[in-house]
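J.: Sequence:
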Amino acid sequence: VTTPVEECERRDPKGLYARARAGELKGLTGIDAPYETPEDPDLAFDTTGADINELVGRVIALLEERETARP
Numbered sequence: 001v002t003t004p005v006e007e008c009e010r011r012d013p014k015g016l017y018a019r020a021r022a023g024e025l026k027g028l029t030g031i032d033a034p035y036e037t038p039e040d041p042d043l044a045f046d047t048t049g050a051d052i053n054e055l056v057g058r059v060i061a062l063l064e065e066r067e068t069a070r071p
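Numbering follows the UniProt record's numbering, in which position 69 of the sequence shown is assigned residue number 69; successive positions increment by one, without gaps.
Since the hints were derived computationally from the structure, they do not count as laboratory data. Errors might be hidden in some of the hints.
[As the list claims (entries may be wrong)] Quick list of simulated restraints, FRET-style, between CB atoms:
#1 G57 / K26: 19 to 27 Å
#2 A18 / I52: 21 to 29 Å
#3 L63 / D40: 14 to 22 Å
#4 R19 / D40: 12 to 20 Å
#5 K14 / G49: 31 to 39 Å
#6 K14 / D46: 17 to 25 Å
#7 G23 / I52: 31 to 39 Å
#8 L25 / A50: 38 to 46 Å
Built from N, CA and C at the ideal position, the CB exists for glycine as well.
Given only the sequences and the hints, what does the whole structure look like? Please build it.
T.: In structure tokens, the structure reads:
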């Protein structure tokens, strides 16, 4: 999932990003710990403004594709 840190902050129900920005929490990805983008992901998507049903459909399609590719 490649979602901008601003969107992660907006969705943060626990206030972790606010705590990290205030220096109360260390090691939060995107604030003081890097987000390491996978070099060759099987599936990647930005969830900003995305329809959850579409995203779930993409995951299911990949799993079904892999299942049919099994020997």
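J.: Hints first: check each against the structure and report whether it holds.
T.: Here is what the structure says about each hint:
Distance hint check: the CB atoms of G57 and K26 are about 37 Å apart, inconsistent with the given range 19 to 27 Å. About 25 Å separates the C-beta atoms of A18 and I52, a value consistent with the hinted range of 21 to 29 Å. Taking the beta carbon of each, L63 and D40 are about 18 Å apart, inside 14 to 22 Å as hinted. Taking the beta carbon of each, R19 and D40 are about 33 Å apart, not inside 12 to 20 Å as hinted.
With their beta carbons about 22 Å apart, K14 and G49 fall outside the hinted range of 31 to 39 Å. Checked against the given bound of 17 to 25 Å, the beta carbons of K14 and D46, roughly 22 Å apart, stay inside it. Range check, G23 to I52: Cβ separation about 34 Å, and the 31 to 39 Å hint holds. For L25 and A50, the Cβ-Cβ distance of about 27 Å falls outside the hinted range of 38 to 46 Å, so the restraint is violated.
In the structure shown, a violation is registered for the earlier hints numbered 1, 4, 5, 8, in ascending order.
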